Amino acid sequence: MPVLQNIVVAIRSDGDIVSARQQGRSLAAAIGFTATDATLIATAISELARNILMYAGQGEVMMHRAEISHRKGIVIGARDSGPGIRSIEDVLRDGYSTSGGLGLGLPGVKRLMDEFAIESQLGQGTMVTVKKWLK
Amino acid sequence: MEVPILKQGRFLIATIQAALSDADLLQLRRALIDKVIHFRSNGVIIDVTALDVMDSFATRTLRDITNMIRLRGADTVIVGIQPEVAFAMVQLGLTMEGVATALDLEEGLEHLQQRAAGKI
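These protein sequence lines are chains A and B, in that order. In this text, residue positions in the first sequence follow the numbering used here: the first is 176, and each later residue adds one. In this text, residue positions in the second sequence follow the numbering used here: the first is 40, and each later residue adds one.
No wet-lab data here; the hints were simulated from the structure. Just so we're clear, the structure is a prediction, and the values are computed from it rather than from any experiment. Please note that a few of the clues may not be correct.
[As the list claims (entries may be wrong)] Using C-beta positions, here's what the derived DEER-type ranges look like:
no., chain 1, residue 1, chain 2, residue 2, range
1, B, Gln56, A, Arg261, 39 to 45 Å
2, B, Asp143, A, Trp308, 30 to 36 Å
3, B, Ile76, A, Glu290, 46 to 52 Å
[As the list claims (entries may be wrong)] Below are the SDA-like pairs computed for lysine to any residue, each with C-alpha atoms no more than 20 Å apart in a straight line:
no., chain 1, residue 1, chain 2, residue 2
4, A, Lys285, B, Glu123
5, A, Lys285, B, Lys46
6, A, Lys306, B, Glu123
7, A, Lys285, B, Thr98
8, B, Lys46, B, Gln130
9, A, Lys310, B, Gln130
10, A, Lys285, B, Gln130
11, A, Lys310, B, Glu123
12, A, Lys310, A, Arg240
13, A, Lys310, B, Phe126
Ideal Cβ placement from N, Cα and C applies to all residues, glycine included.
Could you put the whole structure together from the sequences, leaning on the hints where they help?
This is the structure in structure tokens:
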């Protein structure tokens, strides 16, 4: 998978959430996504970055162009060294939340994107990777 | 970025002009509540045409603003949610239940006028 452009946005404050989603939208547009898909991608980035800030305090959002054979798309990674997630099954259930939020974060992000993967270790942190492919 | 709030008779119009951070949204909430009390307004329009993303925090804050203003006896209408933003909100599972929405400023004003006249 050749990486053509790599963007890393450090997430430390709510302003960084705005910055991450704006850079994600620009990258999505550059890759060739429609305005609607770019909005879905920017919204997913916003939720992932917000989770970092809310649960871990800080972390980073990474994004790059992806190309596998004839498919082109975008890969977004959200990584933190926070407390980790005790039960991944729980956080992927609609309506679940540990911080009194809306509890729609991760299942919603999964619906916005084409691929979704999560790795988490208690006390080590969490890494969420999502992908969307050009139709 | 501060959101300008215009007073038009008994109504207030807040026009969001650029992407808002969480802090900006909370500032808008505070400013609108203050102004509704100060001017004894009975209707508020929040124009979100310029918002290119409405995530869970923005949606919740707008709903909170509407509920707080309702407790003051005034109505709020959210206008200008862009089609792709609406699509993303629905995919994400966000709803605006109990919040009045209208296509644009003109329709939002009409809604408030009808409410004020007791027609709806």
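Hint check:
1. B:Gln56 to A:Arg261: 39 to 45 Å: About 42 Å separates the Cβ atoms of Gln56 of chain B and Arg261 of chain A, which means 39 to 45 Å holds.
2. B:Asp143 to A:Trp308: 30 to 36 Å: About 34 Å separates the Cβ atoms of Asp143 of chain B and Trp308 of chain A, which means 30 to 36 Å holds.
3. B:Ile76 to A:Glu290: 46 to 52 Å: holds, 48 Å
4. A:Lys285 to B:Glu123: holds, 17 Å
5. A:Lys285 to B:Lys46: violated, 41 Å
6. A:Lys306 to B:Glu123: holds, 19 Å
7. A:Lys285 to B:Thr98: holds, 19 Å
8. B:Lys46 to B:Gln130: Violated, because 35 Å separates the two Cα atoms, which is more than 20 Å.
9. A:Lys310 to B:Gln130: holds, 17 Å
10. A:Lys285 to B:Gln130: Holds, because 9 Å separates the two Cα atoms, which is no more than 20 Å.
11. A:Lys310 to B:Glu123: holds, 17 Å
12. A:Lys310 to A:Arg240: holds, 15 Å
13. A:Lys310 to B:Phe126: Since the Cα atoms of Lys310 of chain A and Phe126 of chain B sit roughly 17 Å apart, the hinted pair holds (cutoff 20 Å).
Hint violations for this structure: numbers 5, 8, all remaining hints satisfied.
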